[in-house]
Amino acid sequence: PWSIGEPQPELAALWREGRFRSEVLDAGCGHAELSLALAADGYTVTGVDISPTAVAEATEAAAARGLSDRASFVTADITELTGF
52 PWSIGEPQPE LAALWREGRF RSEVLDAGCG HAELSLALAA DGYTVTGVDI
102 SPTAVAEATE AAAARGLSDR ASFVTADITE LTGF
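When the letters of the sequence shown are read in order and numbered with my numbering, they come out as residues 52 to 135.
Because the hints were derived from the structure by calculation, they are not lab data.
Where a beta carbon is used, it is the ideal one built from N, C-alpha and C, also for glycine.
Hints may be right or wrong, so weigh each one.
[What the hints assert, rightly or not] So the derived label-pair ranges between C-beta atoms look like this:
no., residue 1, residue 2, range
1, Leu76, Arg116, 26 to 36 Å
2, Thr95, Ile129, 26 to 36 Å
3, Arg67, Glu131, 26 to 36 Å
4, Pro103, Gly134, 25 to 35 Å
5, Thr95, Arg67, 17 to 27 Å
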């Protein structure tokens, strides 16, 4: 239900307003539409999600779009993040 095939509107608005800087940590990235859009725009993005399936699909999508050099994904619980 969370994936709408594009970045969530509220986050897309922040992106358009230039609120993202430098490297981006997308906590709870899901299928990573925001991460992938930001990577396509030149940002370096790390997406984190607790779902291994979502992370695998995001990783595959990044590779298919030629974005693996700017978008990486990790399976982790965002309530216990370390090292980011």
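Hint check:
1. Leu76 <-> Arg116: 26 to 36 Å: violated (20 Å)
2. Thr95 <-> Ile129: 26 to 36 Å: Given about 19 Å between the Cβ atoms, the range is violated.
3. Arg67 <-> Glu131: 26 to 36 Å: Holds, at about 32 Å.
4. Pro103 <-> Gly134: 25 to 35 Å: The hinted range 25 to 35 Å is violated for Pro103 and Gly134, with Cβ atoms some 19 Å apart.
5. Thr95 <-> Arg67: 17 to 27 Å: holds (19 Å)
Checked against the numbered hints listed earlier, the structure breaks hints 1, 2, 4; every other hint is satisfied.
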